[in-house]
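Trainee: Put chain B on the given structure of chain A with help from the hints.
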Amino acid sequence: MKLFYCLLLFVTPAVFAQKSIQGKVTDQKGNALPGANVFLKGTYDGGTTDANGVFAFQTSESDTATLAASYVGFEVFEKKVNLKESISAMTIKLEELANELNTVVITAGAFEASDEKRMAMLKPLDIVTTAGAAADITGAMQFLPGAQRVGEQEGLFVRGGSGQETKVVIDGMIVQNPFFSSLPDVQSRGRFNPFMFKGTSFSTGGYSAQYGQALSSVLLLNTTDKISNNGLGISLNLANAGLNYDYSNKNQSVSAVVYYGNLRPLFRLVKQNVEWIHAPEFKGSSLTYRWKPTKNGVLKVYGMYSDSHLSMNSKDPSSDTGKMRLVLKNNNAFTTSTYTDSWAEGRWTLNSGLSYSRNKDNMTWDGVNFDRFDERTQARIVLTRLLTGNNTILLGAEAHAINIGNGVDGTLYKLKDRYAAAFVESEIYITRALAGRIGVRSEYSSVISRANVAPRLSFALKTGRYSQVSLAAGQFYQNPDYRYLYLNKSLKYERADHLILNYQIIKNQRTFRVETFYKNYAQLVREFTGQQYDADPYRFPWGTTNNGGDGYARGFDFFWRDQKSIKNLEYWVTYSYVDSKRLFQQYEQSATPTFISNHNISLITKKWFEKAKTNLSATYAFTSGRPYYNPNNDEFLKDRTPAVHNVSIQASKLQSIKGNLVIFYATVDNILNTRNVFTYRYTPDGQTRYAVGPQSYRSFFVGMQIMLSKKAKVEKDDF
Amino acid sequence: MKKLFTIALLFVFATGIAWAQNEKYTQAMGDGIKALLAIDRSKPDPKTLVDIANRFERIAAAEPKEWLPKYYAAYSNVLLGFVAPTLAEKDQYLDKANALLKDAEGIAGKPNDEIEVLKAYQSQIHLAADPMNRWQADGEKFQGFLQSAKSINAENPRIYYLEGSSLFFTPEEYGGGKKVAKPMLEKAQQKFSAFKPETAIHPDWGKMETEWMLSQTN
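Line order of the protein sequences matches chains A and B. Mapping the first sequence onto the numbering used here, position 118 (from 1) lands on 118, and the numbers just tick up by one. Throughout, the numbering used here is defined as the position within the second sequence, counted from one, plus 719.
So here's chain A without its partners, still in its complex pose (with noise of 0.2 Å):
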């Protein structure tokens, strides 16, 4: 019977003694935080904090217990407290957990289009919405800071740097074929479609290690991992028509597109500047394929080809007609195969890929044969292991084979290269507001037999809870122009340094953005000719050649988006600014590339309509005078282009029709219809001077989107 008694001793006494606890709950700067969970673990015993952060409750608990305070965004807090006696005015000071808020990210350099990241300044939307950039990433991104509008010439122009300094990569694989053929003067699009890709990341300089061959900065495109309508779509505009099916079930997906375009009936409504001769006109095809053979492990097939025809009248300032007939027929294939896995709860992360593309220009100017040929099969293999406290070190490689040939009238210039590099990129958090990122890439080309090591560093500082200070550093390497090689194989590697200093504030919707940069060229390749200096972009090099070049890029840019002043409008402010001079190509000395221009402004706005499902888009894009040959001036590329005006509209507008969701769209571009020039080219006796400007200049565009998906459920922004 005495067992029994003590038993209920035992039990009885937390019926009536109720001990009351009672206190506050901080940060560790003393701020009051409301509605954090102060409670005795292992009991319900517990409440919650007021609008003070004060917190009272009782308990029947009558031993030692564990008092813990959990708030969302900081460490839980816990303490072993005796409750003898009733606890009062006690104050609990909690940690913050690592968040996007208190932690810093290396953004100098990197200007990101994102989803999934918040410090991210663009949406990937945001590209196929911008008027003036024609739903073209490339077009959009020449609206961003650092980057310089030429308007004759496909390509990123990034902080002095020429088009051929920017590297696009899809995947992390490189592209040899970004854009369509290149045309004299004629600006073209790029190949892919930007509704393919989930984020965009558009370096100005400073990038990661795991990049290379590119002295001024690299496009990063990454494909979306997943479809979300399952049915047929038609496409039906101006220029071309196009269907497209996609089909998923839970863990694979298939995309499939076919087009045919043809630029006639465009070029019978817009008045052309160029004078064609066979409108071009093209066929293309792709086939994504997308598998989730694991829990974290998706396989992404991509394959695409198309061919394209056309036949223009140059001006050719050279010839006796001052026109050149040229025939272009072009076959591009490019397939891509991507395999990404993560293990040990994210410890380890795997990117692998295989990818070939194959290029053929088959081209005539006069009657003349220039062919030209170029494939690439490459393989990359990146292992990243994330470490303690957020640090990550990452080891990968990459391997390519290129070959490429060029045919002049029945004879064929070839060129193999067979290229390897390896990396090692470290990211290191010292302290939660400042970071690291010390990365190292040696490369080997075999076409010039040489062999280099690039180090990479960067570092970000967080200076208040919106914004922060970011350096970035580094050496970049890029084999020389491969026109360049088929004479001269003894040529070195080009050579970039950039320095660039980044502050940024990200607060309510609204981000400025200020960066400052310079940017060092060495070994640069001079051409010696022992004549007068030849303006014609298409010329072969025919020269001596050394890396006896140099030169240098600096400036500023800065870059003003709010998206929060004026409800379902959102505006972005853009201002580039620099100054470069260098000695290069044919250059007897030092002077600004034709491809400078010192001013690029771009005002944008996008508004929403929310009653009309309408959004309108307008674009202004200032481009300052960019440098061009006079041979009548002693000085060397002394003379300035006009500055470069664009006012441009688009409106696209979503209507159901029964029940299947379609998108019209309108644009047009240099509404004011305004004159713009790109460039000068004079004929060979220095006496008449050609204006090089855009292929038309007010255009109008109009096209439809219609989704005959079988869920029929798409929101506002399917366009």
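Hints may contain errors.
Per label pair, the in silico range of CB-to-CB distance [to be verified]: (1) E742/B / K79/A: 24 to 32 Å; (2) P763/B / F556/A: 42 to 50 Å; (3) G297/A / P783/B: 26 to 34 Å; (4) A256/A / N937/B: 25 to 33 Å; (5) N568/A / E742/B: 50 to 58 Å; (6) A256/A / M851/B: 22 to 30 Å; (7) M851/B / G297/A: 43 to 51 Å.
The list that follows gives simulated cross-link-like pairs (lysine-lysine, DSSO-like), each with its CA atoms no further than 30 Å apart [what the hints assert, rightly or not]: (8) K829/B / K766/B; (9) K898/B / K926/B; (10) K860/B / K653/A; (11) K416/A / K492/A; (12) K80/A / K766/B; (13) K607/A / K567/A; (14) K613/A / K901/B; (15) K250/A / K869/B; (16) K897/B / K80/A; (17) K271/A / K300/A; (18) K898/B / K613/A; (19) K360/A / K489/A; (20) K567/A / K897/B; (21) K901/B / K766/B; (22) K79/A / K821/B; (23) K492/A / K123/A; (24) K19/A / K901/B; (25) K507/A / K829/B; (26) K809/B / K24/A; (27) K658/A / K611/A; (28) K915/B / K869/B; (29) K926/B / K829/B; (30) K906/B / K250/A; (31) K24/A / K860/B; (32) K809/B / K564/A; (33) K926/B / K821/B; (34) K926/B / K906/B; (35) K567/A / K613/A; (36) K766/B / K869/B; (37) K300/A / K926/B; (38) K743/B / K84/A; (39) K292/A / K762/B; (40) K581/A / K315/A.
Derived from the structure by calculation, the hints contain no laboratory data. Where a beta carbon is used, it is the ideal one built from N, C-alpha and C, also for glycine.
Mentor: Just chain B now, with coordinates in the frame of chain A:
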């Protein structure tokens, strides 16, 4: 004999404690659910919701073998993800809901339709927080979770309620609307009338909302 008696008594007592503990759990859970139901649906008070979420979390901490406290804590955080004023706060609650759901899944041990349904609900609210940029990824997740819930238990009425509500709030231009939602909501209503929760503290939400939406479709 005396010894036997003591042992017997001890046995009775021990089960008594166990039973009392169980009742205390059911009681506490019941109170929490009642508090959830008492919330004004048209204007939920975030403070009360935080308090309720904290309550369930305390129960969860004390009852590490029960998945329901984690489930309800997650559910409360999803509701908070809907009512919180800023995107950053919404995401904090929704991330928390995700973590709680992961715990609940671990405790439940086997595929559970209610957890899948709540994951779908979490995706839907996550989408609603920033539809412009999230519809694609979250829409996909939403469908995926509902699909897997269906494969576990196609009779769960909340699957059809969520499908219906998603259509209900999607404008007609994009293939949604009240008219399109009606058949799905009717299906949900039908499933609700046949539905019996396993115990009084098992998930049983969504009926009221279904009926409200249905009343709007006429």
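Trainee: All hints, please: hold or fail.
Mentor: Comparing the hints with the structure gives:
| no. | hint | verdict |
| --- | --- | --- |
| 1 | E742/B / K79/A: 24 to 32 Å | holds (30 Å) |
| 2 | P763/B / F556/A: 42 to 50 Å | holds (48 Å) |
| 3 | G297/A / P783/B: 26 to 34 Å | holds (32 Å) |
| 4 | A256/A / N937/B: 25 to 33 Å | violated (42 Å) |
| 5 | N568/A / E742/B: 50 to 58 Å | holds (54 Å) |
| 6 | A256/A / M851/B: 22 to 30 Å | holds (28 Å) |
| 7 | M851/B / G297/A: 43 to 51 Å | violated (30 Å) |
| 8 | K829/B / K766/B | violated (34 Å) |
| 9 | K898/B / K926/B | holds (19 Å) |
| 10 | K860/B / K653/A | holds (27 Å) |
| 11 | K416/A / K492/A | holds (16 Å) |
| 12 | K80/A / K766/B | holds (28 Å) |
| 13 | K607/A / K567/A | holds (9 Å) |
| 14 | K613/A / K901/B | holds (24 Å) |
| 15 | K250/A / K869/B | holds (13 Å) |
| 16 | K897/B / K80/A | violated (55 Å) |
| 17 | K271/A / K300/A | violated (42 Å) |
| 18 | K898/B / K613/A | holds (20 Å) |
| 19 | K360/A / K489/A | holds (24 Å) |
| 20 | K567/A / K897/B | holds (27 Å) |
| 21 | K901/B / K766/B | violated (34 Å) |
| 22 | K79/A / K821/B | holds (26 Å) |
| 23 | K492/A / K123/A | violated (40 Å) |
| 24 | K19/A / K901/B | violated (54 Å) |
| 25 | K507/A / K829/B | violated (43 Å) |
| 26 | K809/B / K24/A | holds (25 Å) |
| 27 | K658/A / K611/A | holds (19 Å) |
| 28 | K915/B / K869/B | holds (17 Å) |
| 29 | K926/B / K829/B | holds (26 Å) |
| 30 | K906/B / K250/A | holds (24 Å) |
| 31 | K24/A / K860/B | violated (40 Å) |
| 32 | K809/B / K564/A | holds (18 Å) |
| 33 | K926/B / K821/B | holds (25 Å) |
| 34 | K926/B / K906/B | holds (12 Å) |
| 35 | K567/A / K613/A | holds (15 Å) |
| 36 | K766/B / K869/B | violated (34 Å) |
| 37 | K300/A / K926/B | violated (42 Å) |
| 38 | K743/B / K84/A | holds (24 Å) |
| 39 | K292/A / K762/B | violated (42 Å) |
| 40 | K581/A / K315/A | holds (29 Å) |
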